[in-house]
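A.B. asks: With the hints as constraints, model all of the structure from the sequences given.
Residue numbers (the numbering used here), protein chains in the order written: chain A, 1 to 248; chain B, 249 to 496.
No lab work stands behind these hints, which were simulated from the structure alone. Quick caveat: nothing in here was measured; it's all calculated off a predicted structure. Virtual Cβ for every residue (Gly too), placed ideally from N, Cα, C. Careful, some of the hints might be misleading.
[As the list claims (entries may be wrong)] Derived coverage of chain A by chain B (criterion: at least 3 residues anywhere in the stretch with Cβ under 8 angstroms from a Cβ of chain B; other residues may be distant):
{"hint": "1", "segment": "6-12"}
{"hint": "2", "segment": "117-131"}
{"hint": "3", "segment": "200-207"}
2 protein chains.
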Amino acid sequence: MTVYKLTVQYDGTRYHGFQKQPHLLTIQGVIEQALAKMTKGQAVEVIGSGRTDAGVHALGQVISFNYPGNLPAISMLRALNSLMPLDILFTDSQIMPVDFNARFAVVSKIYEYRVALGRYTNPFLRNYTGHFPYPLDLEKIRQALRDLEGTHNFTSFEASGGVIKNKVRTIYQAELVTENYPQELRFTFHGNGFLYNMVRILVATLLEIGSDRRPVHDLQRLFEVEDRQQARVTAPASGLFLQKVFYE
Amino acid sequence: MTVYKLTVQYDGTRYHGFQKQPHLLTIQGVIEQALAKMTKGQAVEVIGSGRTDAGVHALGQVISFNYPGNLPAISMLRALNSLMPLDILFTDSQIMPVDFNARFAVVSKIYEYRVALGRYTNPFLRNYTGHFPYPLDLEKIRQALRDLEGTHNFTSFEASGGVIKNKVRTIYQAELVTENYPQELRFTFHGNGFLYNMVRILVATLLEIGSDRRPVHDLQRLFEVEDRQQARVTAPASGLFLQKVFYE
Chain A
1 MTVYKLTVQY DGTRYHGFQK QPHLLTIQGV IEQALAKMTK GQAVEVIGSG
51 RTDAGVHALG QVISFNYPGN LPAISMLRAL NSLMPLDILF TDSQIMPVDF
101 NARFAVVSKI YEYRVALGRY TNPFLRNYTG HFPYPLDLEK IRQALRDLEG
151 THNFTSFEAS GGVIKNKVRT IYQAELVTEN YPQELRFTFH GNGFLYNMVR
201 ILVATLLEIG SDRRPVHDLQ RLFEVEDRQQ ARVTAPASGL FLQKVFYE
Chain B
249 MTVYKLTVQY DGTRYHGFQK QPHLLTIQGV IEQALAKMTK GQAVEVIGSG
299 RTDAGVHALG QVISFNYPGN LPAISMLRAL NSLMPLDILF TDSQIMPVDF
349 NARFAVVSKI YEYRVALGRY TNPFLRNYTG HFPYPLDLEK IRQALRDLEG
399 THNFTSFEAS GGVIKNKVRT IYQAELVTEN YPQELRFTFH GNGFLYNMVR
449 ILVATLLEIG SDRRPVHDLQ RLFEVEDRQQ ARVTAPASGL FLQKVFYE
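C.D. replies: Here it is as structure tokens:
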């Protein structure tokens, strides 16, 4: 048995998320089917660094698995790529110590969220952005991002369906990228963990702050009230990208 | 009756081309359905500057139609956009003299073709590029593009199915854009007319020249032999964009 760690990009548009589900097209399901072809039917369980939802994309998702054989790392990458549809691409491959697990060894992650601005969505970006048509005060968003950096209780920013008891997470860096402004904004969030839908709820709340629907320091209040009903909105899955996963 | 001229962008991935076909999703069909809603059922025939094939995109396709009413141009644009799916977007609207016809008044067009290079296709560009994994000599491609500029008989570069007798066209400008090289190449072709699949056959032939599968001046020979069997390859629809249509 050999343990592989692979980095994978995917366009999540067609998929019902990362995690395997019966009768639905998922990233994990497609990768496990390819591995089963390579092992002539022996099941190989794929472990992801975490789930991504339906329609969410990855630029650097990381997976690991135990493979019954010992291909060189580059051969594993090429074999899997030859079996993938065009919307999934492995970009890196390493052989790891036998106790490596792509989920438990995660130290931190970076998510990126892309927002298309203006009255209409660019037809070519509809699956790769959220859309926000109202005027924004970028300085207010930047102030709110400074409130976000640090360690907070994110109960107000978790969708129902989350199963983890501890809601405290640390955001090391929260940035606004304005390279393509005013056509597009990008948010990046580097943190030690993210609750269910947390990035999408944060982005929707930040856009409300930037468009004067909430006070500029409302994040501070939301951390304290620990009530999801207060942060009511969730930005669409299409704008969210898992950008990078860091390990020890 | 008022004659409108509208500019429209579309992601052609989901469509069976521009031209209306029974029981198939087409750009013309979707626009005519929207217009029929606006007229409460009265049919309005949409005229495009030309067809685009299944999977081909447009950044600046132009259409015209006779509308039984006299909305301001901007209201027509907004009404149509409110009825379009997210992969079709009108970007400009004008009221024209009653004899304007978006097909017959065309003076010239610019097509762009995007080629993704490297071993693998970027999963996010699979529907918006052709893919070419072999090394290229850009200087040879540039030499071939100089052969292409001018007036030639393009019989060798027309797919079967073309119906126009005169195969002589003028290419005013043929350029290689290397802004994102070595990840991507873009070709632009500005000409007074294009035969069926002509751009896609030209691009595939240019890539053969750039990868030493054909002599650098083979276009000159192909113009002379007037034989489609000599230019055997066609680049995929996904890389092709109708960029701009010029009128008198």
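A.B. asks: Are there three or more residues in the segment 117-131 of chain A whose C-beta lies within less than 8 angstroms of some C-beta in chain B?
C.D. replies: holds (count 7)
A.B. asks: The segment 200-207 of chain A covered by chain B? Criterion: 3 or more residues, Cβ-Cβ distance below 8 angstroms.
C.D. replies: With 0 residues close enough to chain B, the hint is violated.
A.B. asks: Cut-off 8 angstroms, C-beta pairs, minimum 3 residues; does the coverage of the segment 6-12 of chain A by chain B stand?
C.D. replies: Result for this restraint: holds, n = 3.
The structure fails hint 3 only (numbered hints given earlier).
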